[in-house]
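Single-letter residue listing:
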Amino acid sequence: MTNLLSYTHFPVYSIMVLFLGAFLVVIAGKSKALRHIFAICAVTASLACLIALIKPVMIDGEVIAYWMGAREPAGGYAIGIALEVDALSLFFGLLIATAVFVSCCYSITYMRFDENVSQYYTLFLMLSGGVIGLVLSGDLFNMFIMVEILTFAAVALTAFRNKAHGALEAAFKYLVVGCIGSTCILAGTIMLYAQARTLNFAQLSAFIPGNFNTSTIIAFALLYIGFSTKAFIVPFHPLAADAHGAAPASISVLISGVLTKSGIYGIIRLTYFLFQSMALGKMQFLLVFIGSVSMFVCVTMALAQHDFKRLLAFHSISQIGYVLTACGLCTALGISAGLYHAMNHTLFKGLLFLAAGAVLQQTGTTDLNKLGGLSKRMPHTTVLFLIGAFSISGIPPFNGFASKWMVYQATYQKAVESGNIGFLFATIIALITSVLTLASFVKVSQSVFFGQLPEEYKDVKEVPFGMRFAMGIFAVLCIVTGLFRELVTHYLTEPAARAVFDVGKYINSMLGDGYASAVMGANAPVRTEVVFDMAGTWQPIHWLLLLCILLLAITLVALLGRYDTVSENKAALAEGKFDIFFGGEKSVPSQVGGGDLFWGFKHNWRHYFSFMHDLHSGIVNDYALWAVVALALAMLYMLIVL
Amino acid sequence: MFKNLITESTAKSPWLFHINSGSCNGCDIELVAVLTPRYDAERFGFKLAGSPRHADIVVVSGPLTQQSLPRTLRAISQVPEPRCIVTIGSCPQSGNVFKGSYSVMAPLSKYVHVDVAVAGCTPKPEAIMDGLVQATEILKEKRKAWLEAKKNGLKDGPKAETEQEVPAAEDVPASGEEVQQ
Amino acid sequence: MAIVYSSLVYLGYILIFPGFLFCFVAGMLITGIDRKIVAKMQKRVGPPILQPMYDFFKLMGKETIIPAAANKTVFLAAPIVGLAAMVVIQLFIPVISTPILYGTADLIVILYLLLIPALAEIYGGSASGSPYAGVGLSREMVTIIACELPLVLIFLSVAKTVGNAMGTGLCFSLSDIAAYQAANGSLMLKASMIPAAIAMLLVIPGETGNHPFDAAEAETEICEGMLAEYSGAPLGIYKLTHAIKTFTLTALFVALFLGGIGTGIVLLDALIEFAICVVLTIIFISLVHAVTARLKIEQLFKYYWTAVSTIALISLVLAWFGM
Amino acid sequence: MDFPFVREAVKNLFSRSSCDMYPLKPSEAAEQYRGRIEYDPSKCINCHFCERVCAGGAISVVEVPVEEGTQITRTFDLSTCTFCNTCADFCNTHAIKLTKDYHMIGLKEGDLLVSGTFVKVAKKKPAPPPAEAKPEEKAAPAIKPRDDGKPVQDPSKCVYCGICAKKCLGEALTVDRKEKLWKLDEDKCVSCGTCEEVCPKKAIIM
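Residue numbers (our numbering), protein chains in the order written: chain A, 1 to 642; chain B, 1 to 181; chain C, 1 to 323; chain D, 1 to 206.
Note that these hints are calculated values from the structure, not bench results. Hints should not be assumed to be uniformly reliable.
[Stated by the list, open to error] Using C-beta positions, here's what the derived DEER-type ranges look like:
# : chain 1 : residue 1 : chain 2 : residue 2 : range
1 : D       : 18        : C       : 10        : 46 to 56 Å
2 : C       : 275       : D       : 24        : 27 to 37 Å
3 : A       : 380       : B       : 110       : 48 to 58 Å
4 : B       : 110       : A       : 586       : 17 to 27 Å
[Said to hold, decoys possible] Cut-off 30 Å, straight-line C-alpha distance, at most; resulting in silico cross-link-like pairs (DSSO-like, lysine-lysine):
# : chain 1 : residue 1 : chain 2 : residue 2
5 : B       : 99        : D       : 97
6 : B       : 150       : D       : 108
7 : C       : 296       : D       : 11
8 : D       : 97        : D       : 43
9 : B       : 142       : A       : 586
Here the structure is a predicted model, which means the values were calculated and not measured. All residues carry an ideal CB built from backbone N, CA and C; glycine is no exception.
Please take these sequences and the hints and turn them into a complete structure.
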């Protein structure tokens, strides 16, 4: 405790700074500048602390165990609350801190028109503090408290613009199902505490694998359903669409980029650490099946959407499906691919939501049927949006492709090793979902940014620099993580994947060496050598070099032939030479976008779409019913399997 | 070094854009007959293009009715330089038997400089093919003229393109009296 | 000095042999032969073989009109990016058995790289702001989705078969596939691979957007679809990309299924490969073009996702059980 | 699974194309093809029939009085002509003939005009008949139209060509060219006025 600046304290600093910021922002009261300074300082400080932790945790492989209030475990029982930071939690922490930082920069200019913005910042900082707390905590009940904080902050923020259409209703739905999830987590924690009489994560993961009995299995099901509501996986995905649709853009970035990751983090911790049951084929099947279903269902739902933000919301769930499928494979390559895709998802999804926010602020609507041709009025936003769209649909130089490429390799390798054909279908569904993602983003770019500019948006101006700067950070990160695949996997995802397989070290670093082998005896997790071999090669830099040389060559050839200068003169303009060809008619503004794209695909799948349309009724009780039914099924499944 | 290659290939791959401004379709089926196996204009690279932007030769048939005149002229103006305009049959040349009717705005040469006129009330496909081959020769001269025009600053081709003011369909006088020959 | 020399050779690879010039000539010749054969099948004489060259150079000389409603930068940049990506794909495909530039991309990457030229056309059309282009790009996207499923199944089955033999159970890299075929005979002869080969040959016209599957560029219905507003040099570059795509896909088929018949001398291999590609184009693109009528977009989708996918699935299942 | 046309397509691949190579091998138009108009001014008697029957209004005449008569130039505008051959049918002296030449390409202004000029020598007027011989016919008072609206013939103008009889719907008229006889059958005549209209010499008054 002597040296307050040693890196062991940084986990606590990164959480407390945010909660302190939340408090100070209220004190700042009326003065906008002071409030912005507090918010930005809190967020940057927390990010800085986590970045400083990379060296010890990621590179040296050390696991920081931090006992709040210096209450060391006495007599073999961990009484105090512990923070445990291993590579996996630091990876998620970094991800969340970057998203929070960029979203905070964005919301400074984005919220300038709203009133009572100080409440916004308090909730914002509470939300980010809760999520980072959830990711870094080593104590199950502490995780539950952080889940509560972030859920209520998210619900309040969804309804922040309560006059917006459907904001209150969305917040209410989110509240109802969110609380069902939280109560499940609470119930699970209580049952585990009743069995193990401890709440410390390391001790639990040492105790539980030994003695599975019905109550621990039911606790497992409860915790699993609780965390999957937080991650909006399939039975709970319509919730996400409403929440994102209504929330302000900077909050949608947090909900889709950060909250879903906290759900995934919870599930990984649960299945790999607490119950260490992923070795069972049945458990892998559960995760991979739910992942593939949510991949396909959400992307087809996204194709049918008419609203920009709802479409993005459904996409974030389908990308979470990718992450879940990859992490459910229980192979080193699978987890590394899953985590890599989770990181990329936060980056490009954040960028897309910020672009949606920019469009909403300038035109006042995000309805795909009304917008069009904004690229002429908002060129920078268009470029940034395109980078995000290309990344999410997995176009080679961008980061989406690098992680999807690893996901396909992982699923197909797993299919080959385990010989069961289910994983093969997961690969096929993953590849088809990627094309459908590309289709829906072509739809968005055609109906919002290209095509013809409708009358009422003639004088739309570009968004202020603050918002473009925030989007710029995400865009640069998207490109960098896409190009330097080896660096990212070597320094970030592989240490995290090794940490997932190295439960013994996790327990020993928390409760002293040799504890794991003492308690668990026979099935103590032995440290296995983790291998990341690829079945193919992909060097983005080499490829980009080729592309640039050829681009240069072709532009040279085109310019050599004096790419004929475009002749523009008044007489030709009057004649209609530069109007769009309408079969001779005077060019009437007619925008092809929104609903009338991809008729061929929708026509062939019309029965599927009508069934999905009826299923997503939008009524709260249906979603609550789904949640309960999912809980019952999960319990049944776990009881049979474990 | 590409210059004469490009000029040569301008003549070797002329793409047609067909505008039917009220024709009785006699000339239209003859024009399409030119592309059938028996006459096969594709030997010379002729191809029907879908949009005026892809066209080199604009083929106009029909007596330019009052409704179709402004649309025809707009479509012709949307064809990139160097272009040339071919009329098939007597209708675009003079309005044929429909001359003097209130709704016939022929001849086309009143509004646009017509390069080749293929006469015949439904000219034979061979005649159309001769006319089109003639047009490809003119296309080469036009390309040279267009390059000169561009070189010495004239933004768009010679102004003589449209002799008369274009009477848009809306403000054409109800009774076609004084427009008549 | 060695670096300068090797970079020059590298540049030569990119720009001359399997790169830009070779693709340009090969693509143009294949399209010329395709148009001539289609004409011959309709008892017509048909254009000279070099007609695509004449078309390309004529378009280079024409004026480029940029519509007022278009987004100028994307409108002009899209064709160039599409062409560059198309040539890059051609660099990765091994010329029969000797891969020239290996170690950069594998089968899945090629599957995604094939999207870029199609995307270039989509964003070009969408930037031009014309409603015809809007309808065209919607159909083009559905065509891409339609061709994706069979291609995925084919690539997975090829990866599985070669993987079985190589022991690692899975092999995506093209150079290993080429090496495997050089070692023990081309894949076409294996029982499990014949359905995949047939499926691949059925996908080629769809992927390149040739006649029966060209709902996206139907010049009669939607005035050349996405290219409605293009004129002059950008249009020429799009036509060139289309030509190279025909050659690249047939070359990909040869690389995947007829790998083992190389003679070692690179130039001779290239000629053999070009000859095989021409024969494949004649049978599977020209004949289909001369004989069928254009499919509606949802018929196209249904055809690819039911008929062709089941053929590919058969070969995947066979490959799965190690045949 | 039947694939229509595949056999024909493959068979065509190896058979000769059915294209008759137009520019290389000139091709003749059909026998009675109505192509470019040929006008023989020498035969023309300037009866203006062709102008009156031409649907497209393609024929125009310029008459310039010259010392020995009138110089007549008749031009046929091929770009207005519908090639219906009516003028050739009506030309009694077969001065107009539509040939088999279909190659009518107009590049400059005058390409599509076919014209011919001839001088029509005015015949010496026969010595004026002695004035008094038939003064009463000459000085016959102008024929008054009949009050019941039936047609009346003016023998001085009538050339007994018989067109009125041919055109009369009710066959009320009989004309005999030799005996210079013009008879009207009152009850058949419905006084429709066709004969008056048709008469080339305007010899009938209603």
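Evaluated hints:
1. D:18 with C:10: 46 to 56 Å: 52 Å, holds
2. C:275 with D:24: 27 to 37 Å: 31 Å, holds
3. A:380 with B:110: 48 to 58 Å: At 49 Å between Cβs, range holds.
4. B:110 with A:586: 17 to 27 Å: 21 Å, holds
5. B:99 with D:97: 24 Å, holds
6. B:150 with D:108: 26 Å, holds
7. C:296 with D:11: Holds, at roughly 28 Å.
8. D:97 with D:43: 12 Å, holds
9. B:142 with A:586: 28 Å, holds
Violated hints: none; the structure is consistent with every hint.
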